[in-house]
Amino acid sequence: MSISLEEVNKIAKLARLTFSDAEKQKLQQELSAILDYVDQLKELSGKTSFQITDDPDAVNLVRDDVVDAQINPQEFLAQVPAREGKFIKVKSVLE
Amino acid sequence: MDFTDLTIKSASELLSQKKVSALELAQMSLKRIKEVDDKLHAFLYVAEKESLESAKHTDEMIIADHEHSALTGIPYAVKDNILVKGMQATAASKILENYKATFDATVIRKLKQVSPTMMGKTNLDEFGMGVSTENSAFGPTKNPYDLSRVPGGSSGGSAAAVAAGEVLFALGTDTGGSSRQPASFCGVVGFKPTYGRASRHGLIALGSSLDQPGILAKTVEDTATIFQIMAGQDELDTTTLPKPVPDYSKFLKENLKGLKIGVPKEYFAAGLDPEVKTIIEQGIKKFEELGAQVSEMSLPNVKYALSAYYIILPVEISANLSRYDGIRFGLSAPGKNLEEVYYNTRSAGFGAEPKRRIMIGTYASSAGYYDAYYKKAKLAQGLIRDDFKKAFEKVDLIVTPTSPNVAFKFGEKTSNPLSAYLEDIFTGPLNIAGIPGLVVPGGLTKQGLPVGIQLIANHFAEEKLFMAGHALEQSLNLKLKPNI
Numbered sequence: 001m002s003i004s005l006e007e008v009n010k011i012a013k014l015a016r017l018t019f020s021d022a023e024k025q026k027l028q029q030e031l032s033a034i035l036d037y038v039d040q041l042k043e044l045s046g047k048t049s050f051q052i053t054d055d056p057d058a059v060n061l062v063r064d065d066v067v068d069a070q071i072n073p074q075e076f077l078a079q080v081p082a083r084e085g086k087f088i089k090v091k092s093v094l095e
Numbered sequence: 001m002d003f004t005d006l007t008i009k010s011a012s013e014l015l016s017q018k019k020v021s022a023l024e025l026a027q028m029s030l031k032r033i034k035e036v037d038d039k040l041h042a043f044l045y046v047a048e049k050e051s052l053e054s055a056k057h058t059d060e061m062i063i064a065d066h067e068h069s070a071l072t073g074i075p076y077a078v079k080d081n082i083l084v085k086g087m088q089a090t091a092a093s094k095i096l097e098n099y100k101a102t103f104d105a106t107v108i109r110k111l112k113q114v115s116p117t118m119m120g121k122t123n124l125d126e127f128g129m130g131v132s133t134e135n136s137a138f139g140p141t142k143n144p145y146d147l148s149r150v151p152g153g154s155s156g157g158s159a160a161a162v163a164a165g166e167v168l169f170a171l172g173t174d175t176g177g178s179s180r181q182p183a184s185f186c187g188v189v190g191f192k193p194t195y196g197r198a199s200r201h202g203l204i205a206l207g208s209s210l211d212q213p214g215i216l217a218k219t220v221e222d223t224a225t226i227f228q229i230m231a232g233q234d235e236l237d238t239t240t241l242p243k244p245v246p247d248y249s250k251f252l253k254e255n256l257k258g259l260k261i262g263v264p265k266e267y268f269a270a271g272l273d274p275e276v277k278t279i280i281e282q283g284i285k286k287f288e289e290l291g292a293q294v295s296e297m298s299l300p301n302v303k304y305a306l307s308a309y310y311i312i313l314p315v316e317i318s319a320n321l322s323r324y325d326g327i328r329f330g331l332s333a334p335g336k337n338l339e340e341v342y343y344n345t346r347s348a349g350f351g352a353e354p355k356r357r358i359m360i361g362t363y364a365s366s367a368g369y370y371d372a373y374y375k376k377a378k379l380a381q382g383l384i385r386d387d388f389k390k391a392f393e394k395v396d397l398i399v400t401p402t403s404p405n406v407a408f409k410f411g412e413k414t415s416n417p418l419s420a421y422l423e424d425i426f427t428g429p430l431n432i433a434g435i436p437g438l439v440v441p442g443g444l445t446k447q448g449l450p451v452g453i454q455l456i457a458n459h460f461a462e463e464k465l466f467m468a469g470h471a472l473e474q475s476l477n478l479k480l481k482p483n484i
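Taken in order, these protein sequences are the chains called A and B. Per full-length UniProt numbering, residue 1 is the first one in the first sequence, and the count goes up by one each step. Per full-length UniProt numbering, residue 1 is the first one in the second sequence, and the count goes up by one each step.
Here chain B stands alone, though its shape is the one from the complex (with noise of 0.2 Å):
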């Protein structure tokens, strides 16, 4: 056995017929783990001893019980920006190194109650503000089909994890494309909830209005039975909504017939990589071979989608980022005074990318430039769910690239940071919109490198991602594997 070729729907058929255990699983985890981690820097903590304490109890329970659900005995990783309760949680920040979360987030309280394996934290840009890794306080991560190339971000780490074989699922997070473009970057299918589906309690806040947690699996099959344990209202997250959560499991089937499809043309403008271009297009014809009705669609004001983004999202990062101020946790530097310990704590904890976007949001919403940034943004934001809703009267989902580009070299967008921003501009507007998307692996480039093709759907659409990406991935029976 391969545990580098298991999905979490075959280790859980292996687990089944007993022939392997929990504990088995976890230590071929960790042994990849050790083969390749030195290699990727996927994770920043591994989870040794915890994880094997932890397997050993659910083949207990497994023996006691006779029956177990589809992810128990699963080996996954966790983003480090979500509280693992007694574990780091750094969010790749030196302002939060030494920080140990004091409680479980809700995704991970649901989790631990079908007892998968958690096998440590994985890397990511600080607090999420990247498209690459490579603002991580702790180094970059590498993307495991090319070395010399980024993994995407800042979902990285756990993209990275995923598509080497570490292990068989990891969570991210998703604000701006976070969990899809590393998808993309790295073969492997992301997925990001309608906003208010899943809960954020315990995720680290990084824009609130936006944020999302996410997930990096293997198949739209084992997407859809994680998020089946996550979705659905929180009491801790008062922007969950009470809505019935569908088994979905009983909407992945092969066909297609009936299905409409939008594709719409502002996504494929200059700028976008032909390769890229070639592989969208292939997929959308596996959709109309699937039986789907393509069509041409428009969305006039995406256009805007990024500028409103880079106000709304660095506006709430100003806020969200005064919490560490040295005084309840992290890292305190001493002043001579309150105010000193506040500045002296601020500089040296935070990177360059935080402190550029508490800049960016703090201008932007201080007196005098409110009304030409923020209301901007927000109309804008208005104008973009219009856009979608109106589309989504005519068609049942919306087919796009995830990224203009494949996964670039390290270094490449360091030197200016608007050309990492303008990495969002298909992912970004979902986030905007608050609507759910799907990455799902599209093909691979000559030079051998991934390329996911996104699905968007309307407000609580998730089933209609599954189906569709299920059958797409069937269909193109790709098997991405990286050599390494």
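Bound-form chain A, shown alone (with noise of 0.2 Å):
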């Protein structure tokens, strides 16, 4: 196993996500799998550099920051789980 059990409650921590115990079991060998797989990444260890020849045409893009009417904020509010009034209602971050 390239992950241990405590790992996998880590990862799950930091991507706010929970889990049963059967089902960490099961995430533990189906990412060690995974990461067995494209530990064949390691074989470029010696490589340091490739040449890319970048596009000419790849340049930066930028637009006029100007509002766009195609969009409505009542549209957009209307999707929100919870709100008042034209606020966005969630739970207090600071305690």
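In case anyone wonders, no lab produced these hints; they're calculated from the structure. Please note that the accuracy of each hint is not assured.
To be verified - Pairs of lysine-lysine, DSS-like flavour, derived with a Cα cap of 25 Å:
| hint | chain 1 | residue 1 | chain 2 | residue 2 |
| --- | --- | --- | --- | --- |
| 1 | A | K42 | B | K303 |
| 2 | B | K446 | A | K26 |
| 3 | B | K409 | B | K446 |
Note that this is a predicted model, so its numbers are computed, not measured.
Work from the hints to combine the two standalone chains into their complex.
In structure tokens:
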């Protein structure tokens, strides 16, 4: 197993996901199998660089910062699970 | 007139000759959906009322304008991870079950300008994570050629809907093969553009550096007609490039004299189904008969593509899916405090596959593991891009299988996630390199299951795909149709 149960717990916490004990054991096996497979990338350890000749057309693109009338704030707010008037309601962030 | 025999080209001619109206086409599409979709489950939502209204309006417009575009009045479907204003966009996830799109994706906005008729939203693997539609939170789609088999994925609903003649074309998305592998399994044409050629604005993000909108259609010519509308720069997607879009119809010819085609030996190694291999080899022989020069070649680093893909993609997934927090839209599960709302919403809303990938992505990008995984994956990506770049100095196109196998049975790959991941082995390298691909039906196996041939071109050389794909299709003259 390339990943321990403690690590599964740690990642689950970082990802804000809850799992049952059985799910955690299954995840430990599945994640280990996937990580074992991608371990072939270790073969690339000697190689440090590659040559990408960038597309000369690949330039940074920007647009003008103008209000787009296509977007209706009311329609966006209609998708919010909990709100008061035009405000989005959340549980307190600072206790 | 049999609706299931129509292509965009033939239906558009009938519309011009006033032999059929847009309303009649929409009615025929709805009738076919009612006939077969109970068995197939290609659709998550059938837009019955909306499509009839839209088609009536289109007919009035055609009468007033006396001319129309090739896509006007053509019934089509949209994968349910692409936003159509006012309509559901579930991405086949419980977390977006009650979400309604608040704007049109750019590809939808562009299509609406030529008024095809939108018939509904199609099934997929949750958020596009899968190769079979078995990861849909709303049940799988079945393959029209064999109902005990998967249609491929993640755009399996779109591929099945086109193959079964429910619509004349469908939009998909393609992050690692999601439009091409289902096209191969369902015997239709599947297309993924160059990264940066078509807008991702309004596609529900999976892996933002890999995603592109895709097309599922009946012919290469139809695919080129659709892509003509979709392609081009969009200021709402800053990764689209301001390159002029050529007139693709000018490249559709029957002769490939002088075209150089490479066949990479790495794609024909052990693990390739012998019947699939035979069909691909027959396709390559056809290319030679059409005048192309075929040579064997090598892509030495392509063997790292899947490893790179299954690091880069989950890392981007773990970031992209953090927006489903129960606060702004979608499912919201109650909790004592803010953190519990996050935990409860995400744990209840995501299916097993998104959770698995969020876990891998979080691990691979977390402190201490970044260098070992993500950095190595990006190095592999650079090497693979270089392989293709060098190859396209010598050849115009590369021809390969699409998948190592034909459509598999339900449940065959669900117990072992890694075995499903290996399905992307031939299609994923294109997304890693950002290059375009086209899948053209090559034939049926003895069991009657379709096999698609994948054509690969250099960045922004889509016209070469359409040229060679069209010539191959005309010469094979298969006219595949499932018996459903």
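Consistency of the hints with the structure:
{"no.": "1", "hint": "A:K42 - B:K303", "in the structure": "13 Å, holds"}
{"no.": "2", "hint": "B:K446 - A:K26", "in the structure": "38 Å, violated"}
{"no.": "3", "hint": "B:K409 - B:K446", "in the structure": "16 Å, holds"}
Violated hint for the displayed structure: number 2, the only one.
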